[in-house]
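Protein chains: 2
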Amino acid sequence: MKEPVFERNKHVYHNETFVELVKDAVRFFNGTPVHTLPPPESFQGTGVYALYYIGNNSLYGTYSGLNRLDYRNPIYVGKAVPEGWRQSRISDAEDSNSRELYTRLREHSRSIKAPGDLDAKDFMCRFVIFEKDGSDMIGSIEATLIKINVPLWNSAVDGFGNHDPGSGRYEQAKSDWDVIHVGRPWAQKCKGVPTDKKVILGNIKTHEAAIK
Amino acid sequence: MKEPVFERNKHVYHNETFVELVKDAVRFFNGTPVHTLPPPESFQGTGVYALYYIGNNSLYGTYSGLNRLDYRNPIYVGKAVPEGWRQSRISDAEDSNSRELYTRLREHSRSIKAPGDLDAKDFMCRFVIFEKDGSDMIGSIEATLIKINVPLWNSAVDGFGNHDPGSGRYEQAKSDWDVIHVGRPWAQKCKGVPTDKKVILGNIKTHEAAIK
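Protein chains in written order, with the working numbering: chain A, 597 to 808; chain B, 597 to 808.
You may find that some hints are simply not true.
What the hints assert, rightly or not - Heads up, incomplete: computed chain A residues facing chain B, CB under 8 angstroms, no partners named:
#	residue
1	E599
2	P600
3	F624
4	F639
5	Y667
6	F723
7	E767
Source of the hints: derived by calculation from the structure; they are not laboratory data. Just so we're clear, the structure is a prediction, and the values are computed from it rather than from any experiment. For every residue, glycine included, the Cβ atom is placed at its ideal position computed from N, Cα and C.
Next up, chain A with everything else stripped away, as it sits in the complex:
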């Protein structure tokens, strides 16, 4: 069989609808009620969320300042998709019974409470639930919110969203987040050489100067 000649333009997908749709979802996101971290009650669903810092820790003063009158600058954006989603092992019906989004937000509040220098009360969250076929938008909306906001804990400081790597994987270094906020028990087990704390603090200063 003769292979077709390669023509790049035959492989490029164009559809302006998507850009408008994402903007619509982002606008919806920014209009949803803001809640404590974790939200006051458990709920079903998967989706996208943002965390806003409004406390007095001097490391994140720029964020507190920017969020003084409005929840404008998230310090972290993330998504919660059902377990097994990557392997397509779950059906849409199971999706809708998942409490993954609430669980993820609660997990974040635990991460924040583990070190002594942050207070979960200083964090507020916003979140949108995507159901059924709409759940396939989750990745795109998360990516867009990260691209628009460049949240500090998604960019200059990595590792906040990490999970316990589990036994057999503790040879790796603890994340930047765990270097500056010491307390998550599993992070203490990581034996690799982490980034120097001074370097991370410098990265934070550079980042905050850029978003001011």
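Add chain B to chain A, keeping to what the hints say.
Chain B alone, transformed into the frame defined by chain A:
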């Protein structure tokens, strides 16, 4: 400040446009030319791809049979997003210069050549490039193609798309894919207890019986 009462329905996003848009992109995908693995020339872009098996390895006879007259059942679906995408460290301008999709397909052909029991000539690929803002659709389209096709190497057998875990992480077990296709040098370094080969072969049989 009094927190608003939690009302789940205020957080649920509805938009039927997305479902139609994804279908449009999937139809476009299924109409693109099929090429060898890797494609005959390098090209710029990031996007989504599928690999189709048409060879004689008895493990994957069901796939060869189903693809006899048409490239219908991918054995693997994946995406290629620019490096640093998750951290939003790159701009859209840099996106468009990335050769990530071609690089990923070439990497897959190397994985296939590493063991002695597969031949890259027995694999064909289909791929769609998403540019600029459209690149945010990549995750959704990949998820949809996986959900529709339930490709064997995305579901019953995991690990084909893995990268070298790198020094400090070889305590983990080699993946199911590396148990049945022995040859990738870095997989040999993984010291954990992998899935039993018989179990994996059983999973493949069950999977192929289900898609026949």
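Here is what the structure says about each hint:
1. E599: Status holds, d = 6 angstroms.
2. P600: holds (5 angstroms)
3. F624: With a minimum Cβ separation of about 5 angstroms from chain B (threshold 8 angstroms), the hint on F624/A holds.
4. F639: holds (5 angstroms)
5. Y667: violated (12 angstroms)
6. F723: holds (6 angstroms)
7. E767: Holds - the Cβ of E767/A comes within 8 angstroms of chain B, reaching about 4 angstroms at its closest.
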